[in-house]
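**Student:** Sequence:
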Amino acid sequence: MTTQEMTKQEMIMNLREKREEKKKAKLKAKHRRCTIAIITLVAMMTVIFGSVYSASAKEITITEINEFAGTNETKTVKTRSESVEGALEEHGVNVSDTDKINVSTEKPVEDNENIVIKRGKRVTIKVGESEEVVTVTKADVKDALVEAGYIPGEYDQISSNGDNVASSDTIELVSVSHTDETETEVIPKGVEYVDDSTLIKGQEKVVDEGQDGVKTITYKVTYQDGQEATREVIDEQVTTEMRNKVIAKGTMEPTPAPKNTTVKDTFATKSTVSDNGGTVNGYKYKKKITMTATAYSTSPSENGGYTVSAMGNPLGYGIVAVDPSVVPLGSKVYVTSADGSWSYGVASAEDTGGAIKGNKIDLCYGSNANDFGRRSCVVYILE
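Residue numbers (the working numbering): 25 to 407.
Only true hints are included.
Straight-line distance between alpha carbons at most 25 Å, and here's what the computed DSS-like set of lysine-lysine pairs gives: (1) K229 to K381; (2) K384 to K229; (3) K82 to K131; (4) K166 to K145; (5) K102 to K124; (6) K308 to K384; (7) K229 to K308; (8) K131 to K99; (9) K311 to K269; (10) K273 to K308; (11) K225 to K310; (12) K310 to K273; (13) K102 to K142; (14) K229 to K213; (15) K102 to K131; (16) K269 to K239; (17) K225 to K273; (18) K381 to K310; (19) K142 to K124; (20) K162 to K142; (21) K384 to K312; (22) K225 to K269; (23) K384 to K310; (24) K99 to K162; (25) K142 to K99; (26) K229 to K311; (27) K310 to K229; (28) K229 to K269.
What follows is a list of derived Cβ distance ranges for each label pair: (29) T240 to S325: 52 to 58 Å; (30) T314 to V257: 54 to 60 Å; (31) I258 to A379: 54 to 60 Å.
If you're looking for bench data, these hints aren't it; they were derived computationally from the structure.
The model shown is predicted, which means the values in this text are computed figures rather than measured ones.
Positions of the beta carbon are idealized from the N, C-alpha and C atoms, including for glycine.
Between the sequences and the hints, there should be enough to build the whole structure, so can you do that?
**Tutor:** Here is the structure:
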């Protein structure tokens, strides 16, 4: 190959290389333009889709209150969820069955919505014999009771493990009330004895029946759950004064019977009785009764073993046995025959007997009482 031919060949090869280089440069430029276009398109799509998301997202405020832990947190977030429940799940907020929320979790979420969640706890409330399990969100024990519908009264007692519900699963409410109560109390009358020289020894006469007193007492009574707990006297007044019963006791020695006078003769002695319609032999009487009289002895062997009357006084002349439903025990009586053939005189009705029923009277005499028999008499109940 000549020199001229070689030069021509080199020229052809150089031309080919230049054409290849131009072709590569064009491809590189085209590739660069495609890359720029893709980047631009992606950027545009990001802007477009971001604008679309921003336009469709809703802004909401979520507040979580936990009084037991002493926390209160609020955050503002965006959500594309359709419901409140979805929005809370989207942002990791759980709602348990003991929590209280101000809106329904099933409702559609709204833009600028405020969602408030109060963390709750189950507690047992005891009132008297009843118990109820409730859910509360208040940490203060008294506030928790009010939240559950229990309104403590002014004096009610609240029992729990501390003041914070967080440390207590049970709250006990004791209903406490105070009231003033008034009662009356009888002051029993006493008995006073006074000597009376006009009465024979062993005889008694009621001078004054006396009167029971009355005392009014005011109590402050405290009730817990309806049961009386305490009772305190706050006032005490005597509204009726007590007056003792006064009984006169005879001090006069009885006049001895004449010597050689038998009981039978004494029974037969006539006596003049003056009945002036309210007064008998100088004694005022309030009632006059016709009775059948018998006599009994002071001897225990003839008197069932007794030596004293039913009222506890020694048996002797001047004591008579009566039916208390006819002649009240303790009454003073004047006993005489209707025709004036005999008279027993003043006596004290303070004994009883199994056979003395109705208008019957048994007169205490000496050992020969059996000689008396059965006689008609008039009994005057003295004033």
